[in-house]
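Enquirer: Protein chains in written order, with the numbering used here: chain A, -9 to 316; chain B, 15 to 337.
Please note: incorrect hints may appear among the correct ones.
[What the hints assert, rightly or not] Dumping the calculated DSSO-like pairs for lysine-lysine here, alpha-carbon to alpha-carbon at most 27 Å:
id : chain 1 : residue 1 : chain 2 : residue 2
1  : B       : K155      : A       : K143
2  : A       : K143      : B       : K95
3  : B       : K95       : B       : K21
4  : B       : K95       : B       : K155
5  : B       : K155      : B       : K184
6  : A       : K113      : A       : K189
Think of the hints as simulated: they come from the structure by calculation, not from any bench.
For reference, the chains in residue letters:
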Amino acid sequence: MTIQPLLKMGWLKHFSFIYLSIRLSFNFAHCLPWRPDLEQIIVNGLYMGAQYALIALGLTLIFSLMNVLNFAHGQLYVIGGFMTYTVSVKLGMPYIVALISAGVSLAIIGAILEKFLFRPVIKKSVREESTMLLAAGVAFFLDSAILLLFGEKQRGIPKIVDGVFNWDFIIIMPYDRILIGCLAVLIVILFIAYMQYSKAGRAMRALAQDKVAAQLMGVNIDRYSMIGFALAAMLAGVVGGLLVSITGVNLGMGGPTSIKAFMMVMIGGAGVIPGAIAGGFILGMMESVGLTVLSDFGDITYLVIFASLMVFLALRPQGLMGKPWG
Amino acid sequence: MMQLRTKFFAAAAFALFLLFVVPMVIEISGRWDFYYTLTSVALLSIASAGVWLTFYIGRINIGQGAFALFGGYASAILVVKYGVSFWVTIPLAGLFCVLVALVIGFPILRLRGVYFAMVTLVMTEVARLTALALPITNGAKGISSIPLPGSISLFGVILVPDFSTLENVKLGFYYVAVVLMLLTFAGMYRLVNSRVGHLCRSLQQNEELASSIGVNIANLRLIAFSISSFLGGIAGAIFVGISQSIYPASFPVKDSVDFMLNCFLGGLGYVFGPMLGTLVNYFGWDLLFSAGEYQLLIYSTLLIGLMLTLPNGLLSIFSKAKN
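So that you can see chain A by itself, here it is in the shape it has in the complex:
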């Protein structure tokens, strides 16, 4: 594979896949008899991809640390959206305060979930799949808690910035989407830097690599599992807070969001951080291309995405960058 040396180049590997996904969608679109608005598709794809990458990052972090498939991830995202809505609209605080409070409260929720639910069950159960039942139970619980606390209505917050960026009618993008997209990219970069250079980040990467060895080196598993879970929940909450300003948020979004996150993690490889980023951008790009190119054939974008995912996984079961067998 010619791409392999490229991957080794540290930082670049995170972004080479973004480039690759853009390139592929370009090539794909060029094969068509008509010429869709490529630039627009790519900008939309990048914008969606940045959001998706953030969701997938959290899911993959939890998986790599604890081998738990967090069914409740989409619900955490929905709670983040509702928290942002409540703080910014109901309490009239500025948007950035609302976003931070959503992140903080979700981090607390994540830490509680890990400490009181996942940790004891992991220690007691014979087969580690048992945590999936727990995760599903937590997903149901959070769904009902959202219903009781925030109601079933679709909620949104007023636009943060007005105006539309218009580059000669080639790329048309509202300013708030650009802002949110950039914020998402910034958070992804911050997260990578945290995992790369901080003490906690190093400990978590060590745990993901080899639990026993990390423990022998004096890494406190309980402590860093909790930090990891809290961090993942925080990421989900922040994405919810970002997207509530554009698409709004409602109760039913939790499940489908989890499914999308699973797909991204599968594309990139479970438990690998650059893989989650790549998966997020690739799915965002595929969705953006599919919604434009396949719109004449009805609502089959996800059908096509899934079919290609199956073929891809048949050839490469561990995803782009995953360890074999997760």
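With chain A held as given, fit chain B onto it using these hints.
Expert: Just chain B now, with coordinates in the frame of chain A:
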């Protein structure tokens, strides 16, 4: 030998209880709605038994809803468009699912752990999208007003009467579902205690090791997955017969997750786990209906509590007592 006989008697007693005592109790108490509930439990536990079998080979299957949907559509299309008898469509629906399982299973059964779980989960969602997109499934409108099953006669002797002439259709379906459930679990018990069952267990523990001593793991995985899908398909087909309609949203992701939860609830190490799990799950949910808006809250709290106290399933109480 003695033990075998007691087991046989226990099974026979259980069958008699379901076929005669339960209907009698329902007649006396007049709670006719219980027929429908128990029929659903029986059918859901057939599908869950399939999921349990994939657990038995060490795969987490969250795609049974897709196969129930495929089976349901296969039966509905055969009955409505081609005029095939409903009873014939049940095995045909199962076989159709086996075909799908072989095609899909060949690539995806190479996946393990969460990868397999995630692929099957996505598959459930895709089955719904396929049903929405294909012309033969009639899109979001689905297929409705499917006729009730007709009669079966062998050499002029009517074995099963025409369901549209039945006084109590619910009782008819109850018998069908219970008989099928008993057959399914008898078959499962036999399978698990056979040579193939032991080989399946070796897959659950270590595939490489099993393969190294000459077990054909690829075939075995496909066989287990096909049986699982077959069970999902026939359960879906009978559900369609009962509700006389099917829509793309008939078996959503929630159902797939429920099939998996049933297995967990009962216990992954026990053949009859899915049966108990389905019963508890379904009735638990129904009983909590009176809690109104707090239904899901209480249900999920109980689920979490159960996980904290009995992470290895309800049936693990008995094995604990033995120890």
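Enquirer: Work down the list of hints and note, for each, if the structure agrees.
Expert: Here is what the structure says about each hint:
no., hint, in the structure
1, B/K155 <-> A/K143, "26 Å, holds"
2, A/K143 <-> B/K95, "41 Å, violated"
3, B/K95 <-> B/K21, "45 Å, violated"
4, B/K95 <-> B/K155, "16 Å, holds"
5, B/K155 <-> B/K184, "25 Å, holds"
6, A/K113 <-> A/K189, "26 Å, holds"
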